[in-house]
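Visitor: The listed protein sequences derive, respectively, from chains A and B. Following the working numbering, the numbering of the first sequence begins with 362 at its first residue and continues without gaps. Following the working numbering, the numbering of the second sequence begins with 362 at its first residue and continues without gaps.
Treat each hint with caution, since some may be false.
Pairs count within a copy or across copies, as identical chains cannot be separated in the list.
Derived BS3-like pairs (lysine-lysine); straight-line CA-CA distance at most 30 Å [said to hold, decoys possible]:
hint, residue 1, residue 2
1, 505, 494
2, 718, 402
3, 628, 542
4, 546, 758
5, 667, 758
6, 570, 656
7, 542, 369
8, 532, 759
9, 369, 548
10, 477, 591
11, 366, 591
12, 462, 366
13, 569, 462
14, 718, 759
15, 462, 494
16, 758, 532
17, 570, 548
18, 718, 655
19, 655, 378
20, 570, 494
21, 704, 366
22, 704, 718
23, 532, 366
24, 591, 369
25, 655, 759
26, 548, 759
27, 369, 546
28, 570, 378
29, 655, 603
I should point out that these hints are in silico values taken from the structure, not numbers from a laboratory.
Protein chains: 2
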Amino acid sequence: MIPDKVLKSLVVQTESKLVMVVIDGIGGLPVRGKTELEAAKTPNLDRFVPHAICGLIDPISYGITPGSGPSHLALFGYDPFQYEIGRGVMEALGIDIPLSKYDLAVRGNFATVDEKGIIVDRRAGRIPTEKNKEICEFLGNEIKEIEGARISIYPGREHRFVLVFRGDGLKDDLTDADPQKDGLKAKGTEGRSQEARRTAEIVNLYLKKATDALRPFHPANSILLRGFSKIPNIPTMSERFKLRPAAIATYPMYCGLARLMGMEILKTGETLREEVETLKKYFDQYDFFYIHFKKPDMAGEDGNFKMKVIAIEEIDRILPSIFKMEPDVLVITGDHSTPSLLKSHSWHPNPILLFSKYVRPDDIRRFTERHCQRGQLGRFPAMDIIPLMLANGLKLKKFGA
Amino acid sequence: MIPDKVLKSLVVQTESKLVMVVIDGIGGLPVRGKTELEAAKTPNLDRFVPHAICGLIDPISYGITPGSGPSHLALFGYDPFQYEIGRGVMEALGIDIPLSKYDLAVRGNFATVDEKGIIVDRRAGRIPTEKNKEICEFLGNEIKEIEGARISIYPGREHRFVLVFRGDGLKDDLTDADPQKDGLKAKGTEGRSQEARRTAEIVNLYLKKATDALRPFHPANSILLRGFSKIPNIPTMSERFKLRPAAIATYPMYCGLARLMGMEILKTGETLREEVETLKKYFDQYDFFYIHFKKPDMAGEDGNFKMKVIAIEEIDRILPSIFKMEPDVLVITGDHSTPSLLKSHSWHPNPILLFSKYVRPDDIRRFTERHCQRGQLGRFPAMDIIPLMLANGLKLKKFGA
Numbered sequence: 362m363i364p365d366k367v368l369k370s371l372v373v374q375t376e377s378k379l380v381m382v383v384i385d386g387i388g389g390l391p392v393r394g395k396t397e398l399e400a401a402k403t404p405n406l407d408r409f410v411p412h413a414i415c416g417l418i419d420p421i422s423y424g425i426t427p428g429s430g431p432s433h434l435a436l437f438g439y440d441p442f443q444y445e446i447g448r449g450v451m452e453a454l455g456i457d458i459p460l461s462k463y464d465l466a467v468r469g470n471f472a473t474v475d476e477k478g479i480i481v482d483r484r485a486g487r488i489p490t491e492k493n494k495e496i497c498e499f500l501g502n503e504i505k506e507i508e509g510a511r512i513s514i515y516p517g518r519e520h521r522f523v524l525v526f527r528g529d530g531l532k533d534d535l536t537d538a539d540p541q542k543d544g545l546k547a548k549g550t551e552g553r554s555q556e557a558r559r560t561a562e563i564v565n566l567y568l569k570k571a572t573d574a575l576r577p578f579h580p581a582n583s584i585l586l587r588g589f590s591k592i593p594n595i596p597t598m599s600e601r602f603k604l605r606p607a608a609i610a611t612y613p614m615y616c617g618l619a620r621l622m623g624m625e626i627l628k629t630g631e632t633l634r635e636e637v638e639t640l641k642k643y644f645d646q647y648d649f650f651y652i653h654f655k656k657p658d659m660a661g662e663d664g665n666f667k668m669k670v671i672a673i674e675e676i677d678r679i680l681p682s683i684f685k686m687e688p689d690v691l692v693i694t695g696d697h698s699t700p701s702l703l704k705s706h707s708w709h710p711n712p713i714l715l716f717s718k719y720v721r722p723d724d725i726r727r728f729t730e731r732h733c734q735r736g737q738l739g740r741f742p743a744m745d746i747i748p749l750m751l752a753n754g755l756k757l758k759k760f761g762a
Numbered sequence: 362m363i364p365d366k367v368l369k370s371l372v373v374q375t376e377s378k379l380v381m382v383v384i385d386g387i388g389g390l391p392v393r394g395k396t397e398l399e400a401a402k403t404p405n406l407d408r409f410v411p412h413a414i415c416g417l418i419d420p421i422s423y424g425i426t427p428g429s430g431p432s433h434l435a436l437f438g439y440d441p442f443q444y445e446i447g448r449g450v451m452e453a454l455g456i457d458i459p460l461s462k463y464d465l466a467v468r469g470n471f472a473t474v475d476e477k478g479i480i481v482d483r484r485a486g487r488i489p490t491e492k493n494k495e496i497c498e499f500l501g502n503e504i505k506e507i508e509g510a511r512i513s514i515y516p517g518r519e520h521r522f523v524l525v526f527r528g529d530g531l532k533d534d535l536t537d538a539d540p541q542k543d544g545l546k547a548k549g550t551e552g553r554s555q556e557a558r559r560t561a562e563i564v565n566l567y568l569k570k571a572t573d574a575l576r577p578f579h580p581a582n583s584i585l586l587r588g589f590s591k592i593p594n595i596p597t598m599s600e601r602f603k604l605r606p607a608a609i610a611t612y613p614m615y616c617g618l619a620r621l622m623g624m625e626i627l628k629t630g631e632t633l634r635e636e637v638e639t640l641k642k643y644f645d646q647y648d649f650f651y652i653h654f655k656k657p658d659m660a661g662e663d664g665n666f667k668m669k670v671i672a673i674e675e676i677d678r679i680l681p682s683i684f685k686m687e688p689d690v691l692v693i694t695g696d697h698s699t700p701s702l703l704k705s706h707s708w709h710p711n712p713i714l715l716f717s718k719y720v721r722p723d724d725i726r727r728f729t730e731r732h733c734q735r736g737q738l739g740r741f742p743a744m745d746i747i748p749l750m751l752a753n754g755l756k757l758k759k760f761g762a
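Start from the sequences, fold in the hints, and give me the full structure.
Guide: Spelled out as structure tokens, the structure:
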């Protein structure tokens, strides 16, 4: 791994444009002999691949299945073992809650407890989302502040919500206020350090008040909290790589992640076409673009092989509009695999393609997991993509004399 | 990366002979479809490759373009991020100045300042090398010692020189005495630590005296100094690998680098033939040989594709003389790529070939970037070459029981 100090000392700002296309969950596993990428018809990729070099990336490390947080950290050149993005923060980013360094975010469940405080249903019978909204609005009005910390509650789907405490000196080294299974007593949080004790007291006071206030809302008469977290102190991509980076994504979570690393979030629409139009519109104003295509991951999570193939083909059709912008360096890859066979993220490496004027094109002819494995880039950690893109954009000076 | 302690505990001295042929700047980029190696006729390599295994090495890390210092450290099995060879030291090695641990070396420029001390030309109009020699001789006689530190000044080309301070307790954590651009005032150096303050004072006294003495030498009426450095404290290859290593190179810098790692420098001539004859002459006396062929890099730096092809073909013609010596382990590779397309070092991996009795020859048929990418060695960091050579020379015991 390149020491941060070294990389920082080598970067120079230039006019070259870098574009990173991230196809969420692109990698797959064979079903009846073919992966989704192998089954898809991708004439535009097939025409482009011979001009590029290919390889396989490991999002994190052999065998590690990444969540979206760590996989995106790695794609953007950050060590996912060094910077941790907690569950509370990820949930907040996912529903577009802007977080500041004063905010402590935590993921919540409405739950059902009996008269002795024993949890009988960790999901409160999966109350309807509409009911959730109603309860959150009530709680938000009922409890606005505790000992100087301002409280905000944001409904999610069904029984889920995000709770944010805002105040000076709040800490996130807290145990979950959640015994993790039914049949146990609901419990408060504990500070893992001396400094976190005051925060734990505030949270526990909130829990008490909230449980009292929720009495009329059976089955949602209690709450469980897990994943207390604050946004990590991450140096921006501008600081580290002298880039002016911008992000284009339709889902708030990816915008939120990009914002954590100091990217400008470009307003865009819901479709691939709109995302690519946004890229075109802002192409002159930034020198690094992250553009995120979500659909293959959703189809993979649903276990829908055919839908994932269709999502890939749809992306293939839009790619020529990106090629036409002639970025100096273009990378196409994924954040992680989502094989429809597994219906979930997985540990498998993803194909990657890199185009610039300064590559030795290899003899790879298709952008698939098995074709790319023979490419010149070899198999390498996702964290090395950014140095490679910077080098190909002639944005890295020589190391040493 | 193999921990140093482990590697050291495994090495044994044996009679087997290891030869590392380093073709400077060997890797290239395609011009009209072919790289220099692909365009070259290399019948001798072509005959040899089927008996060897091939791969690609990354000198430092994906995307990092190495200077000769870091790339040679890596080739010789040293972590280039751990050991830094500063610019002053590299410049001194490049003009064959022997350095001891008491020496502080720095790269100098003669420059032009106006009557207010503002730099108007950082290169003093690129004075002729002859003039430079004359001024250095004058300054060398004028200022021989400052507060116990002996001073030596060595002319380079045009406006460049190397200055060496020799004395007890000199430190190299000093800022450059160089504002880096025209229009600013020439400035002294500052110690980055308490311990370096005395050294900074000595340097600044020198600067004052030199500037006074240079008054009659307009446009070379001032000097700028950058890259203060001492030779790093590097354990020798003998200590680390129980080798008796020797180096054959026509350029002083490569001899100097090899000497830093404890290699014996074998006196040789200017031609490939003379270098190979030197290898033959000393073949019985050492068990590790580094032999350096410079020309392809020079042609690459000049952007001269054809000349690089010719340089490669010339090397191919001399190789049978090395094959005939029957080294137990033979590696042929490069320290970094120097594509004529870029006219500079680059970040691209280099082909590598390893021959010994104990390889599983792969099906690679030519020693080129794109053929070697499919070789059995895969793509790997240059730092792993030495362990691989030691193993193939049966110089490494089993690790663990």
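Visitor: All the hints need checking, so say for each whether the structure fits it.
Guide: Structure-based check of each hint:
no., hint, in the structure
1, 505 <-> 494, "within (16 Å within a copy, 79 Å between copies)"
2, 718 <-> 402, "both (27 Å within a copy, 25 Å between copies)"
3, 628 <-> 542, "neither (41 Å within a copy, 41 Å between copies)"
4, 546 <-> 758, "between (60 Å within a copy, 26 Å between copies)"
5, 667 <-> 758, "between (46 Å within a copy, 26 Å between copies)"
6, 570 <-> 656, "neither (41 Å within a copy, 71 Å between copies)"
7, 542 <-> 369, "between (47 Å within a copy, 21 Å between copies)"
8, 532 <-> 759, "between (42 Å within a copy, 25 Å between copies)"
9, 369 <-> 548, "between (46 Å within a copy, 25 Å between copies)"
10, 477 <-> 591, "neither (33 Å within a copy, 54 Å between copies)"
11, 366 <-> 591, "both (25 Å within a copy, 20 Å between copies)"
12, 462 <-> 366, "both (25 Å within a copy, 26 Å between copies)"
13, 569 <-> 462, "within (26 Å within a copy, 50 Å between copies)"
14, 718 <-> 759, "within (19 Å within a copy, 37 Å between copies)"
15, 462 <-> 494, "within (26 Å within a copy, 60 Å between copies)"
16, 758 <-> 532, "between (40 Å within a copy, 27 Å between copies)"
17, 570 <-> 548, "within (14 Å within a copy, 66 Å between copies)"
18, 718 <-> 655, "both (29 Å within a copy, 26 Å between copies)"
19, 655 <-> 378, "within (23 Å within a copy, 35 Å between copies)"
20, 570 <-> 494, "within (19 Å within a copy, 79 Å between copies)"
21, 704 <-> 366, "between (40 Å within a copy, 27 Å between copies)"
22, 704 <-> 718, "between (38 Å within a copy, 14 Å between copies)"
23, 532 <-> 366, "both (29 Å within a copy, 21 Å between copies)"
24, 591 <-> 369, "both (26 Å within a copy, 23 Å between copies)"
25, 655 <-> 759, "between (37 Å within a copy, 19 Å between copies)"
26, 548 <-> 759, "between (56 Å within a copy, 26 Å between copies)"
27, 369 <-> 546, "between (51 Å within a copy, 27 Å between copies)"
28, 570 <-> 378, "neither (53 Å within a copy, 49 Å between copies)"
29, 655 <-> 603, "within (28 Å within a copy, 35 Å between copies)"
The structure shown violates the earlier hints numbered 3, 6, 10 and 28.
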